Amino acid sequence: MAEHDITLTVNGEEHSLTVESRKLLVHAIRDDLGLTGTNVGCESTLCGACTVHLDGQAVKSCTMFAVQADGAEITTIEGMADDTLHPVQAGFEVEHGLQCGYCTPGMVMAATDLLSENPDPDDEEIREGLEGNLCRCTGYQNIVRAVETAAARMDEETVEGD
Amino acid sequence: MFPDEFDYYRADSVEETRDLLAEFADQEVELLAGGHSLIPTMKSGLASPDVLVDISEIDELTGVTVEDDVVRMGAVTRYTELLANDALQTAAPAFYRAVEHVGDRQVRNRGTVGGNLAHADPAADLPGAALAADATATIVGEDGERRVPADDLFLGMYMTDVGPDEILTEVTVPRVEANVAGAYAKKASPSSGYAMVGVAVRLETVDGDIDRARVGTSGVLDHGVRLETVEEVLTGASLSEADPAAAGDVALESIEETMILSDAQASAEFRGALLETYTERAVEATLQDARPESPTVD
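First to last, the protein sequences are chains L and B.
Following this note's numbering, the numbering of the first sequence begins with 1 at its first residue and continues without gaps.
Following this note's numbering, the numbering of the second sequence begins with 1 at its first residue and continues without gaps.
What the hints contain is simulated information worked out from the structure, not anything from laboratory work.
Note that the structure is predicted; figures quoted are calculated from it, not measured.
Please note that the accuracy of each hint is not assured.
Listed next, with one range per pair, are the computed distances between beta-carbon atoms [stated by the list, open to error]:
id: 1; chain 1: L; residue 1: 18; chain 2: B; residue 2: 23; range: 50 to 56 Å
id: 2; chain 1: L; residue 1: 71; chain 2: B; residue 2: 45; range: 28 to 34 Å
id: 3; chain 1: B; residue 1: 149; chain 2: L; residue 2: 55; range: 33 to 39 Å
id: 4; chain 1: L; residue 1: 124; chain 2: B; residue 2: 245; range: 22 to 28 Å
id: 5; chain 1: B; residue 1: 26; chain 2: L; residue 2: 44; range: 52 to 58 Å
id: 6; chain 1: L; residue 1: 3; chain 2: B; residue 2: 25; range: 22 to 28 Å
id: 7; chain 1: L; residue 1: 3; chain 2: B; residue 2: 257; range: 48 to 54 Å
id: 8; chain 1: L; residue 1: 120; chain 2: B; residue 2: 145; range: 44 to 50 Å
id: 9; chain 1: B; residue 1: 264; chain 2: L; residue 2: 101; range: 19 to 25 Å
id: 10; chain 1: B; residue 1: 141; chain 2: L; residue 2: 71; range: 41 to 47 Å
id: 11; chain 1: L; residue 1: 44; chain 2: B; residue 2: 159; range: 20 to 26 Å
id: 12; chain 1: B; residue 1: 159; chain 2: L; residue 2: 34; range: 42 to 48 Å
Covered stretches of chain L (in silico footprint by chain B; criterion: 3 or more residues with CB under 8 Å from a CB of chain B, positions within the stretch not fixed) [claimed, not checked]:
id: 13; segment: 8-14
id: 14; segment: 44-52
id: 15; segment: 110-122
For every residue, glycine included, the Cβ atom is placed at its ideal position computed from N, Cα and C.
Excised from the complex, chain B in its bound form (with noise of 0.2 Å):
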């Protein structure tokens, strides 16, 4: 409940926290965002860093900036902040619904969507949703500025590719011509909240039919990943063609089944039926999401 000692330094520009990750180089560092993953390590004991450098007061890092193709999130922008923006929920609505199941109202009042992503809980909302949103993110480091696809950035359990002494500043998502639709279909763990499985569906459809799939999965793996064989399922597919269960079906020939995590929530097997499931269910409400008019059967 207690966490150890350690030095606070506040930062009001990336510039300067980089000169603070050097200064501290030989002590174990961490950057300070919402807090909401690294405070409760430091109070159970989990992590024990020497030096906090908090980042979440750096203006260059906050807000969202609509421009012509592409939303601008700074990486320490609130989830609430998010969620008041409407041109993001057109963009990236698949996104935007992970981001409404993060936590609760309070958690969202002050996590934030840079610390969601460079922080890779295998568990949490936003990896997925970024894979499905093909987000991009802006790395700043000892080369300069890096952008890195959503494909590129989730490499294995809490591993991203942020380096140790680099910075996550911004996340990125398209704006593209056609229409976007989106859902996450989430099955939450009654005790934590996070996703023991969770489906993220965009499908760009032109003229009815979908022209473009991307599907992110979050707690079934160690990290988020993309599900091709649905994605390959609905491409080309028209709106009313298009079969949730037949996704679902195959949601699984994506994964590499002896890799999905087994633990005291959940089972392998169950998470690995769970995703069946939840696949089905996130591009059911995709569809949904596409053709608004259509009657629902619930």
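Isolated chain L (complex conformation) (with noise of 0.2 Å):
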């Protein structure tokens, strides 16, 4: 079976597609559904730039297939703010965190994956964290420390109940 037709719920929506087995989930993502804010950025699975959230978790959907995906739930950077900026969106807008922007929506995805697991990570874990995320601007000082100020607001809401 060459085509299949595919539900992909993503950022709280659901969608139906009828996909080539071929498609690449960040193609359906940026072509079929016009969310463009996760970004192709290698032909190696190095860079991190189409990373989103897959049922719950960090994923590189330029490797995987669009029919892989079928029946789960994904949230892109178009799903992360809400009224407001996400927590790791503002630690990157308060930390300077990128240049150009090309890495950043896979960053704050990757970021956000490595801090529901370890909401308080040192410099060097924040460092290990990301290894699948590359950026070609900013030598990523600015990037570990959005995430340190991402951390630490996180940790603030927890505490004040919200």
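Reconstruct the complex from the two isolated chains, following the hints.
Right, dumping it as structure tokens:
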């Protein structure tokens, strides 16, 4: 079977798509659903610009076929903010954790996944946690600060019972 | 970047998988588990299978089960799930550490233990670690189930004992009475993250003496191998006398030096030198794991 009818729930909304087996999930997200926040940055599964959450876990959407995601719940960068920026997005804003911004959606998705497992990572743990995401602009220093700031803010929110 | 066309089937059981493999025996069929070795090759045009059979959703192949004397890992269990298992960490600490080193967070959320071993990339972390862990693979084929120890599993570059119509269904590691310490030291390629050289060391100790040592390599030859000379130097030594430098010095004696991989990343000579250093580091780290109360000199 070279073509499949699939259902993807993306940022809470259900979508029915007909895709070729070979269509990568990142292309279904960008081209079929018009959600272009998720980026393609390499051809080698190294850069992480395509990172989304699939059933609650960060994955590289360029290294999955859309058919594999049939029935899954996906969150993309477009789904991270509600009325306000997600704390991780806010962290990148206040700490200037980006320049061109191309890696940033992937960084935000990966960092959020890291913080869900380790809410208080140190410098080394952040750098290790973001090994799957490459940035060509910043030298990573402000990205690390962004994640530290996000972690601190998310801590405060928990303490305040938000 | 764009794979060639193929037909995709999702299998719900091992039996269905075997049926599909038989049905499409006249075409090029690949099994899809985590896909993080296969899909990159399809994107780059290196691989162009006609049919993909997705086995990653098969319940009977997923999950970690802890029994009295083994830890069983279903072949399509994702690395992240393995890392959540304390019994695995205790039973096979070097293997566990190697899993921690595979790829990155996102890769570990999708890649599978069985896929890593069955694909047998020379630079993958788990074959050498499986050798150190004394792991055993369960393979299902024409004659039913057979069990293959890691020592007999890895045959060459991308070559294992798993036949073209067979499926690796499970990987087990033993749980032993002795105290087990382990470590994995890896010189990762700065670009790919794969092992230029990786060394997994497992020491089973009884009353402070090393009763059994197993050492496995990644990245050095076209498949993972044991370093018997290193194992010999360590076996019988007490934890306080075991000498990491002496272990490193004999590492190359277990290796057919003309067969050491040489490529754009590292010459055979450099890999050989790395092997000695990383053997020493892996032994040092394992001794630390075995006696954490000793002071470290970093």
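Original post:
Among the hints numbered above, which are violated by the structure, and what are their numbers in rising order?
Top reply: Result: hints 1, 5, 9, 10, 13 break, sorted rising.
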